[in-house]
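Visitor: Chains as they are written, first to last, in full-length UniProt numbering: chain X, 1 to 238; chain D, 1 to 238; chain G, 1 to 238; chain F, 1 to 238.
To be clear, the hints were calculated from the coordinates, so they are not data collected in a lab. Here the structure is a predicted model, which is why all the values come from computation and not from measurement. A couple of the hints might just be wrong.
Quick list of in silico lysine-lysine cross-link-like pairs, DSS-like style, CA-CA up to 30 angstroms [what the hints assert, rightly or not]:
id, chain 1, residue 1, chain 2, residue 2
1, G, 104, X, 101
2, G, 180, X, 68
3, F, 180, G, 180
4, F, 104, D, 101
5, D, 216, F, 180
6, F, 216, X, 180
7, D, 68, F, 180
8, F, 68, D, 101
9, G, 104, X, 216
10, F, 68, D, 180
11, X, 121, D, 121
12, G, 145, F, 101
13, D, 101, D, 2
14, D, 101, F, 180
15, X, 180, F, 104
16, D, 104, F, 104
17, D, 68, F, 104
18, G, 180, X, 101
19, D, 104, F, 216
20, X, 121, D, 145
21, D, 104, F, 68
22, D, 180, G, 104
23, F, 216, D, 180
24, F, 216, X, 216
25, D, 2, G, 216
26, X, 104, G, 101
27, X, 104, F, 180
28, G, 121, F, 180
29, D, 216, G, 101
30, X, 180, D, 180
31, D, 101, F, 101
There are 4 protein chains.
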Amino acid sequence: MKVTVWNEYRHEKESAIVSNIYPEGIHQQIASFIEGADVATATLDEPEHGLSEEVLNNTDVLIWWGHKAHDEVQDIIVDRVQQRVLEGMGLIVLHSGHFSKIFKRLMGTGCDLKWREADDKERIWTVMPGHPIAEGLPEFFELPKEEMYGEHFDIPAPEELVFISWFEGGEVFRSGATFKRGNGKIFYFRPGHETYPTYYDSNVQRVINNAVQWAKPSTNGYPTYGNYQPLESISEKE
Amino acid sequence: MKVTVWNEYRHEKESAIVSNIYPEGIHQQIASFIEGADVATATLDEPEHGLSEEVLNNTDVLIWWGHKAHDEVQDIIVDRVQQRVLEGMGLIVLHSGHFSKIFKRLMGTGCDLKWREADDKERIWTVMPGHPIAEGLPEFFELPKEEMYGEHFDIPAPEELVFISWFEGGEVFRSGATFKRGNGKIFYFRPGHETYPTYYDSNVQRVINNAVQWAKPSTNGYPTYGNYQPLESISEKE
Amino acid sequence: MKVTVWNEYRHEKESAIVSNIYPEGIHQQIASFIEGADVATATLDEPEHGLSEEVLNNTDVLIWWGHKAHDEVQDIIVDRVQQRVLEGMGLIVLHSGHFSKIFKRLMGTGCDLKWREADDKERIWTVMPGHPIAEGLPEFFELPKEEMYGEHFDIPAPEELVFISWFEGGEVFRSGATFKRGNGKIFYFRPGHETYPTYYDSNVQRVINNAVQWAKPSTNGYPTYGNYQPLESISEKE
Amino acid sequence: MKVTVWNEYRHEKESAIVSNIYPEGIHQQIASFIEGADVATATLDEPEHGLSEEVLNNTDVLIWWGHKAHDEVQDIIVDRVQQRVLEGMGLIVLHSGHFSKIFKRLMGTGCDLKWREADDKERIWTVMPGHPIAEGLPEFFELPKEEMYGEHFDIPAPEELVFISWFEGGEVFRSGATFKRGNGKIFYFRPGHETYPTYYDSNVQRVINNAVQWAKPSTNGYPTYGNYQPLESISEKE
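Whole structure, please, built from the sequences with the hints as guidance.
Guide: This is how it looks when you write it as structure tokens:
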């Protein structure tokens, strides 16, 4: 199992608040707690954003964190990531990655939401306790301060809704949601604003680790499409 | 369109608090605001709980409120209501009806949840704004005091999740959920504890009216089942 | 209710077989049987493909048929149609429209499938008989000759699967599938190869008419997104 | 991982055709190919149908085959199996088990279908190729002769539809379908009429083995329900 953690890696270079929390970058912090996989990282400012064909062809699950530079991700790389998801690569999209080109491409919707930076307490409730992504988690866990994300979240109805967030200021959010596109499994997970130490939280880490295992690719190839003239079909019709 | 509002009708006879709010019974208050349909009522203590075969065969949508006497509903009536739902009758289950025999029968699960009677403020968020049941409703509406219902709610994953509730005390709940069983459409809607004037709230009334229209039966008959030997099939195989 | 029927309108000009079946174009034949709505048409070779902002802003449900010239549809028009779907416009995608830019945009997948032009008999089975789109239809209906479309169909799992096709040559296909994107309802319906008189079939017409009614927009506006600082939230947190 | 294979075990004792195919019973044949688990069997005519509390409490995944004696299964055992599914035990229901008390209990519907015993060829198509239950399977596989099951199949819409069957005589069927109830995962798989050697087919065996792995229980306990007064909630509201 090979996991690639992709991070925009800009906030950490530009903000003392963020670099104090994530001195090596959000990607390195995430990479540090992934278990049961070989982990590599890739960032926006590397050639091909670190996502060459070779890297992606050798990635089983891709984790994506981006925020302020979504538009700088080249469309050719978005095409490449989408194709790999359809072929079976797992994709875990975190927090402000809701607005990334790749997530919008795979959802087909605007992916917008309400937000507020006001140190709201967040309580994340498990609504599908038997799901592999909820394995080992309590009925709810709290993040003492986070950015608020509120409904309506403009995504297709999740195929599985695993978590719902409650916010101190009065909002709710579908915080843990699964989708399938082609052979690929996708998990969106809400928490992780850059100004809070969210990726040091053990429950958050557990969710992401569970999601990595859940999203591992099938060994089935991508299906055959196009003109279909099998002998069986022809013989049957005689 | 014919709507039957079923109510257990016990709290109103036993509690001054409840009878002050609903002097004619919860069923009469609900019946009073249903639009675009002929409305009748039925209650637990009537013969056959007011749900004779004739009544049910002439009901397009049945609304169900029950709480303290679920066990007194006879199984033969539960069978009858289930059969009518499978044939196409709509069913709207309100609040503590989550624990009714008919809802548990149709869900196949325990239908349990967390609850607290502590005058929590409830904020009901629309998460599927284009759904017919959300028609004309704001992004959220509030009930200043309600009983809290919290996750995990032990139902199958809703086919459509229309509303999520936020509670002041820190909980969330899947408050508006649709299901189909056979030809019948089912809507569960959370609000409506007997000690609060919830069914006088115009947004609550709007939701229930929308649900009645959404749940109206198809004119298609119930499908044909069993041994199937159509001429077409036989001839095709020669 | 305003319906716009969009057609590529190329086969009819280039093939005698097709123009014999649809002398006025597939769009005119579809427009001729739509009931309960004002119907207009639009085609690829009109300015803006007949889909100006004014036309789209006044369209409640858009029907889409395209096949050989998907690439000629300008991206700016695809953007515009997508935006209108998110705002609530219904969209019915027919047959080879599975490969249109707009359908692939809204699905997020490749939308590919198997196909064969061999006069297969198609039998379309209703698997959700209580659904509004199945209203008035028999358990199955047949098209004596059609192009075969076979699984795997590379779409997200349909939110509702209304019809499954059986083909004489040995294949199955998810033929009638619903999706929601933003406020908009989408229905994909398989039949309608240009060399067969499929849009003269009364059952096919019934499905499309039902879908038009089902896909009508909500009157709710598109939700509010972005920075969210309501007074209620602020006051609550003190 | 502990698997219990439950079989009615009546046809094998009463019919020479069946006992020739399954001399030790269908349960023993199924038990013989399950991999990666300790496997035990249980049958209708054992005390408590072989499903004592001890047996069920030690079962991770239960496989169910029944047909002609569904009514002889005691309700108290059905209650017990349902409770274990809600707690997390996986359940795989095979073929005519569609009409078992436990499957109808968990579905909430009639679970009826069309059938024909006419040696139809069955072709089982994978419509969700990336699903763990489809792992290692071809795009379709065939059973040269089987009982036909045809739509409409009176179940709730499957949460995941993995396989669709094509039958020579003109029918289709949703043959591989997943559901969740409480913490438990359920898979219905169509093939396996007692007069055909279906459980010797390697693709059928692969599906059932995949399903066993997919259905393994979560280690999360069943959620807490009822009156909920956590200190956190109370303190928050002051």
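Visitor: State for each hint whether it applies.
Guide: Consistency of the hints with the structure:
Only pairs whose Cα atoms come within 30 angstroms are accepted, and residue 104 of chain G paired with residue 101 of chain X is accepted, the gap being roughly 15 angstroms. Distance check on the hinted pair: residue 180 of chain G and residue 68 of chain X sit about 28 angstroms apart at the alpha-carbon level, within 30 angstroms; holds. A C-alpha spacing of about 23 angstroms is found between residue 180 of chain F and residue 180 of chain G, which places the hinted pair at or below 30 angstroms, so the restraint holds. At most 30 angstroms may separate the alpha-carbon atoms for a hinted pair to count; residue 104 of chain F and residue 101 of chain D meet this at roughly 15 angstroms.
Simply put, residue 216 of chain D and residue 180 of chain F have alpha-carbon atoms about 27 angstroms apart, close enough for the 30 angstroms limit, and the pair holds. Taking the CA atoms of residue 216 of chain F and residue 180 of chain X, the gap is about 21 angstroms. The hint holds against a cut of 30 angstroms. Only pairs whose Cα atoms come within 30 angstroms are accepted, and residue 68 of chain D paired with residue 180 of chain F is accepted, the gap being roughly 28 angstroms. This hinted pair checks out: residue 68 of chain F and residue 101 of chain D have alpha carbons roughly 28 angstroms apart, not beyond 30 angstroms.
Proximity of residue 104 of chain G to residue 216 of chain X is assessed by CA-CA distance (about 25 angstroms); at most 30 angstroms being required, the pair is judged to hold. Between the alpha carbons of residue 68 of chain F and residue 180 of chain D the distance comes to roughly 28 angstroms, so the proposed pair stays at or under 30 angstroms and holds. Proximity of residue 121 of chain X to residue 121 of chain D is assessed by CA-CA distance (about 17 angstroms); at most 30 angstroms being required, the pair is judged to hold. A threshold of 30 angstroms between alpha carbons decides the hint, and for residue 145 of chain G with residue 101 of chain F the separation of about 42 angstroms lies outside it, so the pair is violated.
A threshold of 30 angstroms between alpha carbons decides the hint, and for residue 101 of chain D with residue 2 of chain D the separation of about 23 angstroms falls inside it, so the pair holds. Taking the CA atoms of residue 101 of chain D and residue 180 of chain F, the gap is near 20 angstroms; set against the 30 angstroms cutoff, the hint holds. Restraint check for residue 180 of chain X and residue 104 of chain F: the C-alpha separation of about 29 angstroms stays at or below 30 angstroms, so the hint holds. A distance of roughly 12 angstroms separates the Cα atoms of residue 104 of chain D and residue 104 of chain F; the hinted pair therefore holds under the 30 angstroms criterion.
Restraint check for residue 68 of chain D and residue 104 of chain F: satisfied, since their Cα atoms lie roughly 27 angstroms apart, inside the 30 angstroms limit. For the suggested pair residue 180 of chain G and residue 101 of chain X, the alpha carbons sit about 20 angstroms apart, so the restraint of at most 30 angstroms is met. Only pairs whose Cα atoms come within 30 angstroms are accepted, and residue 104 of chain D paired with residue 216 of chain F is accepted, the gap being roughly 25 angstroms. For a cut-off of 30 angstroms, the pair hint linking residue 121 of chain X to residue 145 of chain D stands: about 22 angstroms separates their Cα positions.
Restraint check for residue 104 of chain D and residue 68 of chain F: the C-alpha separation of about 27 angstroms stays at or below 30 angstroms, so the hint holds. Taking the CA atoms of residue 180 of chain D and residue 104 of chain G, the gap is about 29 angstroms. The hint holds against a cut of 30 angstroms. Annotation: proposed proximity of residue 216 of chain F to residue 180 of chain D holds, straight-line Cα distance about 27 angstroms (limit 30 angstroms). For the suggested pair residue 216 of chain F and residue 216 of chain X, the alpha carbons sit about 17 angstroms apart, so the restraint of at most 30 angstroms is met.
Distance hint between residue 2 of chain D and residue 216 of chain G is fulfilled; the C-alpha atoms sit about 24 angstroms from each other, no more than 30 angstroms. Straight-line distance between C-alpha atoms of residue 104 of chain X and residue 101 of chain G comes to about 15 angstroms, which keeps the hinted pair within the 30 angstroms bound. Between residue 104 of chain X and residue 180 of chain F, the direct Cα distance comes to roughly 29 angstroms. Compliance with the 30 angstroms bound is thereby established for this hinted pair. Restraint check for residue 121 of chain G and residue 180 of chain F: not satisfied, since their Cα atoms lie roughly 37 angstroms apart, outside the 30 angstroms limit.
Under the criterion of a C-alpha separation no larger than 30 angstroms, the hint pairing residue 216 of chain D with residue 101 of chain G is inconsistent with the structure, at around 36 angstroms. Among the hinted pairs, residue 180 of chain X with residue 180 of chain D is consistent with the structure: their alpha-carbon atoms are about 23 angstroms apart, no more than 30 angstroms. The suggested pairing of residue 101 of chain D with residue 101 of chain F holds, with an alpha-carbon distance near 17 angstroms, which does not exceed 30 angstroms.
In this structure, the hints that do not hold are numbers 12, 28, 29, in rising order.
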